[in-house]
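J.: One letter stands for each residue in the lines below.
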Amino acid sequence: MIFTFSWLKEHLDTKANENQIVDQLTNIGLEVESIKDSKNELADFKIAKIIKAEKHPNADKLKVCDVSIGGNKILKVVCGAKNARDGLITVYAPPGAIIPKTKFKLTIAKIRGVESSGMLCSESELNLSEDSDGIIELKGKEKEIGKNYFKSNSEKVIDISVTPNRADCLGIRGIARDLTASGLGKLKKIKKNSYTQSFASPIKVSITKDKSQGCLAFGSCYIKNIKNQESPKWLKEKILALGLKPISAVVDITNYVMFDLNRPLHAYDADKIKKEIIVRNAKENEKFEALDGKTYTLQKEMCVIADSKEPLGLGGIIGGTSTSTEFDTKNILLESAYFLPESIRKTARQLNINTDAKYRFERGIDPNSIKEGLEIAAGLILKICGGQASKFYVAGSAINKNKIINFNIEKFSKVIGISITPKEASKILVSLGCDVKTNKNKLVIIVPSWRPDITNDEDIVEELIRIKGFDKIKTVEPTKKREKETLNFRQKLIHLSKRSMASKGYTEAVTWSFTDSRIDTMIASGEKKIEIYNPISSDLDVLRRSIFSNLLVYLKKNQGRGYQDLSFFEVGPVFFGKNPGEQQVVIGALKSGLVNRKSWLEKERKIDAFDVKSDVIKTLIDLGLNEDDLYVSNNTKSCYHPGRSGSINLKSEKGPHLAYFGEIHPAIISNLDFKEKNIYGLEIFLKNLPEPNKKIRISKKNYIVSDFQKSERDFAFVIDKSYLIGNLENIIKKIDSDVIQSVSTFDVFEGGSIPENKKSIAINVVLQSKNKTLTEQDLDQLSQKIIQVVKEKTGATIRS
Amino acid sequence: MSDLNNIRLSFNQKITAVNSKDSLQNLKTEFFGKNGLITSQFKNLGTISQDKRKEFASDLNNLKNDLNDQLEKKLLDLETAEINEKLKGERVDVTLPIRSTRVGKIHPVSQVIDEIASIFSEIGFSLAEGPDVETEYNNFTALNTPESHPARDMHDTFYLEENKKILLRTHTSPVQIRTMLNEKPPYKIIVPGRTYRCDSDQTHAPMFHQLEGLHIDKDITMGHLKGCLDYFIKEFFEVKNVKMRFRPSHFPFTEPSAEVDIGYRIENEKIVIGEGDQWLEILGCGMVHPNVLRNVKVDPAKYQGFAFGMGIDRLAMLKYGINDLRAFFETDYRWLSHFGFDPLDVPTNYKGLSR
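Residue numbers (this note's numbering), protein chains in the order written: chain S, 1 to 800; chain L, 1001 to 1355.
Lysine-lysine pairs mimicking BS3-like chemistry, simulated, CA-CA at most 30 Å apart:
1. S:K442 / L:K1218
2. L:K1297 / S:K480
3. L:K1234 / S:K468
4. L:K1319 / S:K480
5. S:K442 / L:K1302
Don't read these hints as lab results, they were simulated from the structure.
Next up, chain S with everything else stripped away, as it sits in the complex (with noise of 0.2 Å):
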């Protein structure tokens, strides 16, 4: 909402100055947004006079003026006007100037050849009138050569942000209450012009009684014998200030009542409406031609203005061109109406239309406003057009009953920890509007008309706390007292995986929600994708599945930046279906590049599958898993290398399945086209880590360790190729658990001597008793029962 100070202080009588209204505005829940100074805009256009202007040597129908604007300075201007000539004083844009209507800034530029400094304008470059035929010519300005053009412009316009509950300050009238009650000076009363009404109106206005009609009633005033014209200085001025543009007296009136009373109005030639108005339910895909210059096919439902023929407005929102007034209409018939917010926001919503009355109308007017309206607008164009006004009349019926609060002072306290006395409560509320009646601690309040937002004790709350100042309240210190854990387990988790895997050199990543469905697609095949129904983009159509889906879209975008050995994480939320709650967290990440890249220390390698295991593992760990329980298989996934990749559930294949993690599918990684192919990746699936019980976390286990002394064996079995070592290891472990400490592979070996379809496998083996030294008898039964054991369950055979 913009306006002025000096249209404000025509509500206003106040001694406050301009920065004590700003503040106070903000104090009330008026939030300035801006104060431009218009006099930076338009200070620059100076009064200024021809001395001699000439023929351009090189161009028929331009001229070069010498401008003087006052001292000694001539200033070269090239100029096309026809009228420009000797001895015209004229208005000067200065290199630097913002043209109004072009919003161009100038800039001393050579025109053909001659360099011209600024530019001479006419009325319809500085949005003053549409007239461009030809320079502004001054009569008798002489003295005021050099001084600014626009004078009473030079002041400041004031832009604040309304919230929708105020409709009533989307009038500059509503502004200047809200600081009266705040303190800051008396609301004066209304100016109205006095005028005979002497004839009724020959247009008959009817509401039809179509289901849900949007207006509840529509008041009219003819006006006969008006000599339309361009707007007087003082009104063209105002309606400059709002950012509009004049048009004409007629116009200009309806919408600087507007802005003043938020009270929107609308004027028809009445010449061109056929026979009567009547206010009607639109026909479906009836056509209609509003003032913005587009045709409309309207709905059912809509409400619309129309006459005996056709539309002639969308009711409240844009009047149509069939009866637009013109410089010529001689009789006019002025519109003052009510219709019902959700009406106007669903018209205005199909039909994509803004306007300043639908914002206003949709927020809420002021019901009981339609009459006065009539009688300001009326008066207005009376004085300024002439003519004569018929009665007014109003079809339909929007008068309000004054909503009645009782309210209890001392509920004021117990919301915002402050008391108020009733009388100071009183006061706000009455200069506010509302009529109050005060009985100790009582009050009855009844609510003006134009504050349909003020239903309840919390309204009145808001209101007496908004207008008292939230400076006013006092801070009451928080107790520090936790009560509850802050975090759960399952919270615990997220923050622990993210430092975890962050301290394993992964780089944390916060990637969108949602994908590209293309890519989603190939990552998550087979299952039914999410789509939104009105996605910001076509490649941000469908909630993710996994995090790889933007993870490896960026990874490739950072390949493109010239990085190749790159580890990205994120810890976020993928959906398994469109329902709330149908989603998990999950630790995704990726993997790419080579190790020891140009070291001159180690040789480099490529990251492979025991790179992100082992990633897996000891993150795993560090969310407080024991690595004995973590059951490692060759199950995997689409998005993997089928062969080259695993799967971590918990103590068995059938546990809770953990994690995945492995090369990702080289279709994939084809597919997107990565620079670096080599990329692999790991999920974690925290909601299937079990939450340990919280008595054996917190005291450790037992502390037993064995004196004796330690010893170990290595084996080497040839065995199927196929067979996996973690099996191998597994049946190890559990002959002689007590026994037996370790187990480790450190050697796998195919080809040479071995038998094509087998490998070799090295297996380093650590015991160690509890309760005595092994001996060498010892030792040797155990290991010639391993070997057993292993031969029995896997067919491998000792290597000699």
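Since the structure of chain S is already known, use the hints to place chain L on it.
T.: For chain L alone, kept in the frame of chain S given last:
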């Protein structure tokens, strides 16, 4: 007596000449061997008269200990010299580069969420969460947002179905609803999380992070709200004083509603939070609307309290001098390495938020 002196003199003379372990061994044999000079003196003890024997024996023992000490010290010196000689040939160029490791970082959003949790933990809030996909009821209706509110438009909210029943939450406030429906009052929660709006330009992203706060009890007033936010802002920006302004505003789910501005100034092109004559809007808050409480079956005659909501990304930008919101979600390795945090940089109450 003079015998012992002679032995000492002779030993002292000889040991200075020793320069190898072999010659040291020879010296040892010469004095302590089977026929060594010291050994012989012990053998002669019996021949010394009774009255002088005791004194002689004592002198002899002293001499023996002294010479032994010298031999041991000499041995140590020789060994040290030997090692030092060997080390002369063992050299690495320590200025060569170290083994390369990948350095991981924590995203600023995660860091700030941890900071926030740490701050609110101190005053007894616990963390609550809810799903990203929400019902229209939890996201709007239960929060007293009218059917016709512009936020419900397709160009503001992402919907999963044309009938607008299921959507991506536009704020973290539906978690208030979930918490109050599932638990009994009092409520004291913070809710950090992802939120979504159909908006995308330099200063808006279609996904961003919000922090919601809710404190409902029997006597929670706007004074508590002020105190809570004052505490949070000071702790978060790690400053003693913050100029703060509550400004009346309007939200469907709170009444009275306020927006909070904090003071700032620009110094050397950097923003200084807490003082200065400029105002920066950082959050919205208010007393929970009784309609919201009624919707979750909490009696507004018995319970009341406050709620607030703020942008986590924006807090991160302000605190850490980050200019571009979009960059948070672009996973640029360079940006993340620059603005990310060391994984060991865990914000805690006892050691403070930052290192």
